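Asker: Sequence lines, in order, name chains S and F. Heads up, the first sequence is in our numbering, so the first residue is 1 and it goes up one at a time. Heads up, the second sequence is in our numbering, so the first residue is 1001 and it goes up one at a time.
Derived by calculation from the structure, the hints in this document are not laboratory data. These numbers come from a predicted model, not from an experiment. Even for Gly, the Cβ is constructed at its ideal location relative to N, Cα and C. Please note that a few of the clues may not be correct.
Unchecked claim - Stretch by stretch, here's where chain S covers chain F in the computed footprint (C-beta under 8 Å, at least three residues):
#, region
1, 1096-1109
2, 1156-1163
3, 1172-1178
4, 1311-1320
5, 1323-1331
What the hints assert, rightly or not - Pairs of lysine to aspartate or glutamate residues, derived as EDC-like cross-links and limited to a Cα-Cα distance of at most 16 Å, are as follows:
#, chain 1, residue 1, chain 2, residue 2
6, F, K1148, F, D1241
7, F, K1177, S, E321
8, F, K1177, S, E320
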Amino acid sequence: MSTATLGGRPTGAAALRRPVGVRLAWLAGGVVLLVVLFAASLAFGARDVSLDEILAALSGRANGVGEAAVTLRMPRTVLAMLVGAALALSGCAMQAVTRNPLADPAILGITPGASLAVVIGIAFFGLSSSYSYIGVATLGAAVASIFVYAVGSMGRGGATPLKLALAGAASAAAFTSLVSAILLPRVDILETFRFWQIGGVGGASWDRILVVAPFLGLGALICLASARGMNSLALGDDMAAGLGVRVGRTRLLAAAGAVILAGAATAIAGPIGFVGLVVPHLCRLIVGTDHRWLIPFSALAGAALLTLADIIGRVLTRPEEIEVGIVTAFIGAPVFIWLVRRQKVREL
Amino acid sequence: MTVEIVIAGRRTRARRRAIVVTALAAGVLIAYAVTLMVGQTFYTPGEVVQVILGQQVPGASFTVGTLRLPRATLALLAGAAFGLAGVTFQTLLRNPLASPDVIGISAGASAAAVFAGVTLGLGDQQVSIFALVAALVTATAIYLLSHKAGFSGIRLILIGIGVAAMLNSLINYLLSKAAAWDLQVAMQWLTGSLNGASWERVLPLLIVVLVLGPVLMSVSRSFGALHLGDDSAAALGVRTDRTRLLMILAAVALLAFATAATGPIAFVAFMAGPIAARLVGPGGSMLLPSALVGALLVLLADLVGQFAFGTRYPVGVITGVLGAPFLIYLLIRTNRAGGSL
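Could you put the whole structure together from the sequences, leaning on the hints where they help?
Answerer: As structure tokens, this is what we get:
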């Protein structure tokens, strides 16, 4: 199905061309929201911090407990924003590449693939550095996504949403069961892995962020660069080819961007589901289906959503924390179900 | 001429079916017997029979009677229950991938069992009740959510996948809050394990299988008709909604009790039906063959897990490692054939 008919929204040019002013206003609103969430993420937690203390900590005067808490929460907040933006971008690109409204790194089995790769790396090759995690996770994500897409697009009708989702869910189940087969006899790595597996930003540090940032930047650049191509892909392969777009190359490039982003985000924060699914849909309602706007806006909204989810996870069961991956699943799964219900059966 | 061909074909299929079912039953019996005999110490069939008949045999009475017999029986029953539940869902939704472990019902039972067992620290029986209630609630929720302008199997599967994702993250959360010493127990439980086998665990499952197995078989005539699609089935005089409800309830109960007793032994519910179909060939009810295949799978996987490697693996790891490639093979085959997907 094409993006233009997504869920009966205004189709064609009407959806593609929201007034620039409106879009700019939304973009500005998004930035403001992100700044507010940034401050909130620094302020809330096991111990609340006042605005004065945040400002004091930001200007480098760390001398109280409050300032110390802010200094600790800084890398975590930045990581949440980076990972959220990466996952949203990745989901956005995947939805464009597969022309499938249900595409999401977790649902398509790509993050479980990355998990499996990391577990294999830890268990059999003794990996322990952040660099190697990222490399291995990206490799796993790439292999998993090629595999799932190949399986899902076999047969009649190509890669329909149902076939892709089933291929993803089935592969995810397969990967997960291999993960537990590797982990169960290895008590020594079970404990390390259990926290990585849930998906969290709690263990953030500037060092790890610096390691992952180039990968995220590269993936984001690729996605931005192929935004125009994604617009043409939405028209269907034949039409896009007729317009002079190299369909295969465009799709490959966008998919590579999506995989790098998903792999790197998974490597540093564990598998976090549903951000990539929910955010692009939300943004499409707001800024329309033009990817040149949709992609930056999705990044912004993804960063905001994950930061919000992290704040919720910290505040809900104080002084304990709920990992952000769990919060996003509980926000995202209902949206997924709502999306499925909205589709006509024929289109699935 | 054509009539003769049809009759001959039917006879061939019936014969094949009888042979396959007998062979499966024999296989289950052999695997069951081997499970009773083999272990740290080997006991002859004679000694095993003596123990089963209630005679006192030094050594064997404890090892076979108290340790191996419940374990083997649990494997048999759980396998059969998973097989029955799985094939029921696959038939109802007309999709081999629509097994309860893919569409979130196992995840519901698991989440409740982890909550009851690890978080609340309840005993076996309460855990079973939690698992049953949660499986029923999950199944009902998925069914209701997918009911929009009529029933759609496709929508149900997709919604089930979403629900499963949510429940799995709930399980992860509960595990992350669990104490480290509970963790390995919980992980073992989540992959499916027969290590906690005891008669108290076997008994509820035995009752459920003995009651609901025949119930499912008795509606198996309508079963075949449902496979043709709702309209055709209704035209053949099957009350589609009532039959479907009855079958779903029975399957969910079987699944929940088996899950509570052993944990969700990975992929057995999913594999049993398709394997049985491949063995038996088309036509006829898949219930009995699937139950036998399920039982055989669990018994064999447990033997492999216990004795094939240096460390003892829980049975679910073995079925998982076997099941994962099979799942993907099935997916590829279904997609190639361009089936109902």
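Asker: Mind listing which of the numbered hints don't hold for this structure, in increasing order?
Answerer: none
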